[in-house]
Structures are given as C-alpha cells and as structure tokens.
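Now for the letters of each chain:
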Amino acid sequence: MLSVENLHIRFRTGDGLVHAVNDVSFSVDAGSRLAVVGESGSGKSQIALAIMGLLAKNAEVEGRIMWDGQDLLGTSNREMNRIRAREIGIIFQDPMSSLNPYMTIERQLTEIVEHHEGMSRRAARARALEVMDAVRIPDAKARLRAYPHEFSGGMRQRIVIAMALMCQPKLILADEPTTALDVTVQAQIMQLLQDVQSDLGTSVVLITHDLGVVAGFCEDVLVLYGGRVMETAKTMALFDQPGHPYTRGLLRAVPNIEDPSDALTAIPGSPPNQHRFPVACPFAPRCADVVDICRETLPQLRDGRACLRPIEELT
Amino acid sequence: MLSVQNAYVEFRVAQTKKWPWSPAGVVHAVNGVSFDLEAGKTIGIVGESGCGKSTLIRSVAGLAPLVSGTVTLDGEQVEYGNRASMQRLRATMQMIFQDPIASLNPRMTIREIVTEPLTFFRPEMGAADRKAAALAMLERVGIPPAQANRFPHEFSGGQCQRIGIARALVAEPKVLLCDEPVSALDVSIQAQVVNLLKELQREMGLALVFVAHDLGVVRHISDEVLVMYMGAQMERAPAADLVRAPQHPYAKALLSAVPVPDPNVRIAPQMLEGDLPSPMDLPPGCLFASRCPHAMAKCIKARPPMVQRKGHEAACYLLDDASKKPEPSLIDG
Amino acid sequence: MIGAVKRRLNSATFADERAGEMVASRSFWADAGRRFLRNRMAVFSVGMLSVLVLFAIFGNLFSRWSFEEIDWNVLGRIKQDGGPSLENGHWFGVDELGRDLYARVVQGTRTSLLVGIIAGPVSVILGATLGALSGYYGGRFDRTVLGAYTIWLAIPYIIFFVVWQAFFGRSMSQMILVIILVNWTAGLLIVRGQVMMLKNREFVDAARMLGMSDLAIIFRHLAPNVLWVVVIYTSLVIPEVIMMESLVSFLGVGIQEPNTSLGALLSEGASTMTFGTLWQLGFPAAIFVLAQVSLFYIGDGLRDALDPKER
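Residue numbers (this note's numbering), protein chains in the order written: chain A, 1 to 315; chain B, 1 to 333; chain C, 1 to 311.
FYI, nobody ran anything at the bench for these hints, they're computed from the structure. Incorrect hints may appear among the rest.
[As the list claims (entries may be wrong)] Straight line, CA to CA, 30 Å or less: simulated DSS-like cross-link-like pairs of lysine-lysine: (1) K252/B <-> K301/B; (2) K79/C <-> K131/B; (3) K310/B <-> K298/B; (4) K198/B <-> K174/B; (5) K131/B <-> K198/B; (6) K199/C <-> K174/B; (7) K199/C <-> K18/B; (8) K298/B <-> K252/B; (9) K17/B <-> K199/C; (10) K41/B <-> K252/B; (11) K17/B <-> K198/B; (12) K310/B <-> K41/B.
With the hints as constraints, model all of the structure from the sequences given.
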C-alpha cells in the first residue's frame, strides 16, 4: 500500500549538507502495524514528514514514496492536501501543534470532512460524535463545544487521533504519539490506537524511540541508525534474537522494570556525524563487534539485517 | 546526610486574579513530603508530570521557596534566609538539570563553566589549580581535556549532560540533586549517564536524589523510591520491593502502565477514571481518592498518614485496614 | 640557551599542551564576524561609512573656507555664481547666506554622526539595562517600567526638544542628552523579552546554585547572551537617532546656528529649492542618504550574522 524506495533526505544548512536519511526502503501492507525505531538523529521523523510532504524548505529528497501507485514526492500540493486529509492521518508528539487553539473541537473535527468530502454540517457533526466515542472521550456532545486548552494532555492527544480518524484514513502515521505523556496516559493511548487499528483495519506506522511501546503494539519493526536501516524483522523475532549489534545494544540499554539486575549496558560513544554521507557502517565507531571491514564497507540490508558479520558471531 | 521533613511548597499565581486588588490564587505544589538519605545512597522520586517532584528538590536546593518544613543537611538545619547557611548548603549540595544543553551557558567555554564553581567554593585555590581541577573533572566524566576550550553547542546532548555533572561535582559536594537528568537523552546515551552517575557515587560517596518519570531508570539507580501524586507522598519503599509489590493503589496503577520491552509480556495497564483535584483547591482527604478504585468514605474526610507495612510506607487507609475488617467501598454502597 | 628552548619545543608534553590549545574553537562572536565578512553589501557599507567618518573628521583640511565665513563676492548673486566651483573653492557651492556649503556639510555630517554614534548606543544601553532588570525581576518593578514606557510613547517627543532647549539652550551636548532621554525606551522591550526567556533556562539555576547574586547573574551570565540583540538593535537605533536629529533640526528646534547638522542643511536647501539653487539640497541629501543606506546595510549584515534564527 505504502512503499518507500531508496529514500534519501538531505538538508542544506549553514554548516553544509546534513545527510538525515540515506537510502531507506520499506513497505507497509494494508492493516499492518509497523514500528520505525530510532534515536534522535536517526531520521525517523524526517521519513514521516517526507511521506506527508511536510519537509522543511531546505530539504533535498531523492527516491520514491509510492502510495496506491502514485509517487508522493512528485504530487502537487493540492493533491497532497487531499491525501493528507482523506487517506493518511498523522499524529504528532505535541497534540497542540495539530490543534488550533482558537477553534472549538467540533469545528476542527468537522472542517476536514465538510471541505474534502462535502459532508453536510449535520452529518459531519454526527461523524464527529462517532469518532469522539471511538477515542473514548466521555460526554462527547458537551465537549464538542470546548476549546483545546480545556483538555488535559492525554485528552488532547485523543482529539488529535479523532481528527486523524474523521476521514477514515487507510494509514495513520503516529510520530512519537505518547512521548510527551505520562505512563498511565501513554498506556491508554496505545490501547486506544490498538483498538482503533483492529476495529477499522487501518494501517499504523508508529515512529518511536521507545522499544517498550513497540513490544506491546507492533508486528514489524524497522530499526534506524544514522539515517540507515540497521535491521527489519517481526517484533517477536527481533526481541528474541536481535540480528544487529545496534539492536542488541539498544535492547540491553533499555531499563527494564522486570529485570532485577542492577547494571544497564550502555552503548559507548556519541551519535554519528551526519555531515558526510556514510561510506562505512554508521554504527561501526560504537559497535562492540566491529572488525576492520566494517569501517570500510557500507553494509546493505540482507535477510533483514545490515551487518557484515554473521549473526552467530555477535556478542 | 540529608533529611527533609514535612516539606510544603506553594506558588502564587497572579493570572487568576479577578481584580488587581483581589488576592492571588495559591497553587499547592508540594504537600508534606519527608525523606531521609544517607551518604552513598540514592533515593528515586517518581510521579507523573505536575506531581511536584521537581519542585520538591528545587525547594530543597533553595531555588523555590519552601513554605514550611525543615531540611537538615549534614547534621545542620538549613536556614534558607541566611546567606552563610545557604552558601554552606550549596557547597555540600549541587544539582544537575533536565535539559543538558540549556543548563550550560552558550557563551562560555566548557572549561569556564566547570571552573566557575571552584571560584565560589574553593576561593583559596589559585587559577592554575582551578584550571587543572576542572580539566581533571572533565576527563573523569569522559570529555577529553583537549576539547575544554569548546563551546556547549559543539557537544551532543549526552556530552552536555556529562559537562553538567562535571560542573556539579567539581567542588566535591556530598549530595547531588538530579532533576530528570536523563529524560532528554536517547536510550543508549541515557545508560551511559546513569552508569557514570553510579560510578561517581561510589568514588565520591555521594548521596543522590534522583527525580525521574521513567520508573525503569529509577528502579536501576535507586536504593529507595518515593512515589508522589499531586505533591503528596503516596508510597516510599526499597526500589526492588516497590516494583515487585506496590502497596498504594496509585503506585499499583503507575507500575501497571510501565511498558515492558518484551513482546511476550502483556502488560495490563490499570485505567484510572475520574478527574484530578485542582491544585489550587485541594480536598481535605486523600488526594488520590477521586480516581482511586478503592476509595472509601473516610478517604474523603481526612488525609491518610504514612503507615508501615512489610518494609513499605504508604499513605493509605487500606494498609491500616488490611488486618481489620474491610470497610464497605464507596462504589458499592 | 637556545638549545634548551628547542628541547622544550620538541618535548612531547609541550606538543600536547599546544595541541590542547589548538582545538580551541571559534566563539560565537568569531563565527558571527566570519558570517558578517561574507556579506558583501555590509562590508562595502562599512567602507562607505568609514569614508563618511573620515570626511567628517578631516574634510575641513580640504576646505578653503570656514563654515561660518560669508563670501561677500557671491552674496546676492548666489544663483549665478554660488554653484559648485573649483575656482573659488566652494566645492559644493554656497548656501543662501553665501557661506561655503562644503565646509557646512562637513560640519553637519560631523554633528549628525556624532549624535548617532553617541546618543544611539547610550540610549540602547540605558533601555537594555532597564529591560534586563525589568525582565529578570518581573512583578511590580516590571509593571512600573512597562507603565512608564507606555505613557512615554504616548507623548510626542518634539515637545521635549522644544521645552528642553528653552531651558538649556541648543548646544550639541544638550542635543545629545535630550535625544538619549527621549530614547530611553530603545531596546527595552526586546531585551526584557529575551531576559524573560533566558532566566528560565537551567544555566541560570546552575548559577544560582553557586550562590551568585542577581546582578552578577544578569551581567555575567545573561548579558553575554543578549548582547547580540543589543548590537542589532543599536545598529537600527543609530540611523533612527540621526533621523530624529535631522527632523527636529528640519523643524527648526535643532542645533544653534552657525553650527549645523544634515537635517538643518536639508531644511535650508529645501526652502530655497524653488530658486534654482538645487545644490543646496542635493549635497546634504546625498550625504544623508549615503549615511542612512550604509547604516541600514550594516544593520542588516549584523542581523544576518548574529541572529541564530537566520542560520
């Protein structure tokens, strides 16, 4: 349904080019749940913005983003607006960035359908009530007339999800949807996303840094580092036997509340320098299993892993 | 080493005034929190955003006014109005902050940043000694001294947090207050910083107060954990015990929601219904009562005291009643 | 002796020490300087302004006439004989009273630039200091300052010039003083806003954890962080102040004759425009425009070089 092919994203900045995304490919099937996992600087959010056509002006994009047989990178603004409104919903980390503080919730929910689907105001209102119920906002009727600031952070994120659902999109892109929220609220929102996904059969791409959230939600995982895909696998397989030293390091570094041991295993070193296009494995400087060849050759994704060393030899 | 008894913090908010002459509203940010900390130990303070955990340690540090309560540091009660007492407090107790980049002055080189505390707390040192001490401290936290003349923006977030740690520890304090020190960092870097803090704690015999919202991190670094809600303490227990068997209903709900990085584990987050009370108009009873699934009539009347049970201390009437006959729940009747 | 120095230069520790200093990186200001130098128009304008400053200082050396001397030969025949001429030494011609316009333009440029270069920065420093204190302390002090600011803006500033000069005369120093007093609000709001934003940054808390006093925090930690705003703002206020001086001089409440300023010269030139002595307007106007345009481009270059958002 959605397929990203050889995507490159570069930014022209005052300090020269920044290579944010380097040759990333993946696809999303109808009704699936994919997690794109990465730390800051991995390029995960830029991929989401590229799909939505919302990249900053100083970006250079290469590659293809195919959506229903159409390359989104070549699409006109007008067509992109239609796709954004009707086919792909997006949820950002900060709900206030998607909500207009001067408009009632009702207006914000109904505007899209009235404009893009020509729905009557009454029908749009009925639909808004429906999605408000679907995202479990209590007392929906009364709260339609409220403004965003009258809601708590968790409720606002529900409203953003409701907005994303208004047009029954085929795909929801959720960019760190729970990072700004407390754990109890995070659990509710993830539960909600899961229910919505299974009830409506929408595909979800969850962009996150939190492996804990991924474990409970997604079927497939794509691990990014330094703008490149390190590993892609089924969630179960990835957690059982991670195939890339970075994934292994990441899993060991996550503080697990169930784990009684005291030590956290850190990945030494700092995030990669993105001013040069990677000519070798971007993770090599921090890798525990690094051999000389890793510093010279750029590993390609093979059998779901971009690592030059056989999986049996990894620590 | 550090003892905080019955701390209360309030803020006045002028924006709520109806008329210029009407009294300002009062937000009750911290409502009666106590804890003790020994040298070389760590207490973790957890709670959701807005629960007053940062405000608590900021007021202990003297950055926010403590309305009532006593803080005893190294056997001496701190007088927050007294300059000399405050300067002794600051020499003994330092702080690291949430945003590693914003906590460093962008116009100063990192050597200047790390040297600055020495000019205040070690005035007897010569300039050359101060420079040497600062470089040694930077090296200890993993910043090559050759980079000491650089400016903060040339370092990554994790490195900036290391520099912040170097600044806090260069004058060798005994207590380090950590205000969400790793929540702005990536997972792989977060573990580096946590491990560094633990090493330094061992070497210097530091007492750590570690405020965070991530229970996983807190569990790994703390000996004891304090759970806060609406500015009040809900439960205090050794870290392992708290995670294994929380006693307070709020602590239970909080722990049930923590995601586990293992697809074979299904968490069953406990959903909390109901609204939070307004911090400007606190109810007389238990602050969690409005969302508590076990709320009883007496929970609404008076605030439950901290009671001991199985090595835990929790502010809940349920613990009192566990041995006696249970009172009917509000929801049932 | 030399051997010892050589050995020291070759020793490993010395090399290490030097290497340590080598990675000293450029400060924010060095970076900004580099960006400024890349801006051709701004650098050209700095050159232009320098020429004007040199003209104001040394222009007299090339003048055969003083700025107050009347050339009786051309008086009465100004339209015919008073134009720019190499023969009688009136490079720019003469004014309506037969005084050498070149000497007067030099004098006027000196007044205008002096007013701009002294009154501009001083009033910004005044406003910025008040703004910084107001933003840092907030509360009642902040409300009082803002109240005074609002009231001040509502009063037409010409009144101050008229009243001030009625009491204290129309000398150059009084002119500068009154401009500073009228402009005390310059930079106040923008610095206040910056300080309000910066004071919540955690490095301020870190400084407070050292026991630093409020004033030390404002001047040691906050001031270097708002200096870029102050510099940009000053570059905007200088042409504004020159304009203000010219305007009041144009309206006749400016500097005392025979001293003059670009504004006064423009005023005189404009009043005789219809008599066919256009040089009387043209020369002062050209200098004035040149000064304003180059100051504008310098300000523009500073903004590009210093504003973090522009990068």
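Here's how the hints hold up against the structure:
1. K252/B <-> K301/B: holds (23 Å)
2. K79/C <-> K131/B: violated (74 Å)
3. K310/B <-> K298/B: holds (23 Å)
4. K198/B <-> K174/B: Holds - the C-alpha atoms of K174/B and K198/B are around 14 Å apart, at most 30 Å.
5. K131/B <-> K198/B: Measuring from Cα to Cα gives roughly 25 Å; hence the hint holds.
6. K199/C <-> K174/B: Roughly 27 Å between the alpha carbons, so the hint for K199/C and K174/B holds.
7. K199/C <-> K18/B: holds (28 Å)
8. K298/B <-> K252/B: holds (21 Å)
9. K17/B <-> K199/C: holds (24 Å)
10. K41/B <-> K252/B: holds (25 Å)
11. K17/B <-> K198/B: violated (46 Å)
12. K310/B <-> K41/B: holds (21 Å)
Hint violations for this structure: numbers 2 and 11, all remaining hints satisfied.
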